[in-house]
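Peer 1: Read off the chains here:
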Amino acid sequence: AQSVTQPDIHITVSEGASLELRCNYSYGATPYLFWYVQSPGQGLQLLLKYFSGDTLVQGIKGFEAEFKRSQSSFNLRKPSVHWSDAAEYFCAVGPFSGGYQKVTFGTGTKLQVIP
Amino acid sequence: NAGVTQTPKFQVLKTGQSMTLQCAQDMNHNSMYWYRQDPGMGLRLIYYSASEGTTDKGEVPNGYNVSRLNKREFSLRLESAAPSQTSVYFCASSEAPTLAGKGETQYFGPGTRLLVL
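If you read the protein sequences in the order shown, they are chains A and B.
In terms of my numbering, the first sequence opens at residue 70 and continues consecutively.
In terms of my numbering, the second sequence opens at residue 1338 and continues consecutively.
In short, the hints are calculated from the structure, not lab data.
Take the hints with a grain of salt, since some may be wrong.
To be verified - The calculated EDC-like cross-link candidates involving lysine to aspartate or glutamate, where the alpha carbons are at most 20 angstroms apart (straight line), are:
#, chain 1, residue 1, chain 2, residue 2
1, A, 179, A, 154
2, A, 171, A, 89
3, B, 1408, B, 1363
4, A, 171, B, 1375
5, A, 171, B, 1393
6, A, 179, A, 123
7, B, 1346, B, 1363
8, B, 1408, B, 1393
9, A, 171, B, 1396
10, A, 171, B, 1389
11, A, 179, B, 1375
12, A, 118, A, 154
13, A, 137, A, 84
14, A, 137, A, 89
15, B, 1346, B, 1410
16, B, 1346, B, 1375
17, B, 1394, B, 1363
18, A, 118, B, 1432
19, A, 171, B, 1432
20, A, 130, A, 157
21, B, 1394, B, 1432
As the list claims (entries may be wrong) - Some chain A residues well away from chain B (every beta-carbon gap over 12 angstroms; in silico):
#, residue
22, 80
23, 95
24, 97
25, 112
26, 114
27, 118
28, 124
29, 132
30, 133
31, 139
32, 144
33, 151
34, 153
35, 182
36, 183
Remember, it's a predicted structure, so these values are computed and weren't measured experimentally.
For glycine and all other residues, C-beta sits at the position ideal for the given N, C-alpha and C.
Excised from the complex, chain A in its bound form (with noise of 0.2 angstroms):
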């Protein structure tokens, strides 16, 4: 069964300074992978998704992913914060299934940016 897993509950970083957000997946497969960004009160937003190809993955609003299969890994990255950034990203883990894209969610990282 596939599953995702992002280790960090809760960062916390300075205004300017770089972030990674952690990713692990499992899946028996080459995977879809992807990354989401909630605000307060908000839905999701897809950030930037992997499906083949170069494993290093732009995405919008600045961000950047890279995909390590020998680490099973999808790490989202950015290399200056910026207050607005704040948020809850869920990194998920989807094969097609029919017509029906099955994704698994991680359990969401919560971004805080200090000044």
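Based on the hints, put chain B in the right spot on chain A.
Peer 2: Structure of chain B alone, referenced to chain A:
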């Protein structure tokens, strides 16, 4: 283009009451989903509809029913609400994943916060 809309935004129910959560999308997507979000548990799939006229159970379907009214609308019904159903409910949609690289992104609504007393 409103994307995915959900009503109501917030609801308080007493145990045993029923209610329907409404969801609509204007992106002409084939697939729609209902999730619940609970602290420390991420999002869990309740029901999904791969295409108009079809619905299937997800990970946590007990206590819920759904209706895919048409291509745009997908409702979630709680027939007899229980405190364990206190949660934030999200509706999402995606294109049918028949085209590689196009159908996988799910678009989420703003959520419905439900409190069952």
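Peer 1: Which earlier hints can't be squared with this structure?
Peer 2: 2, 6, 13, 17, 25, 26 and 27
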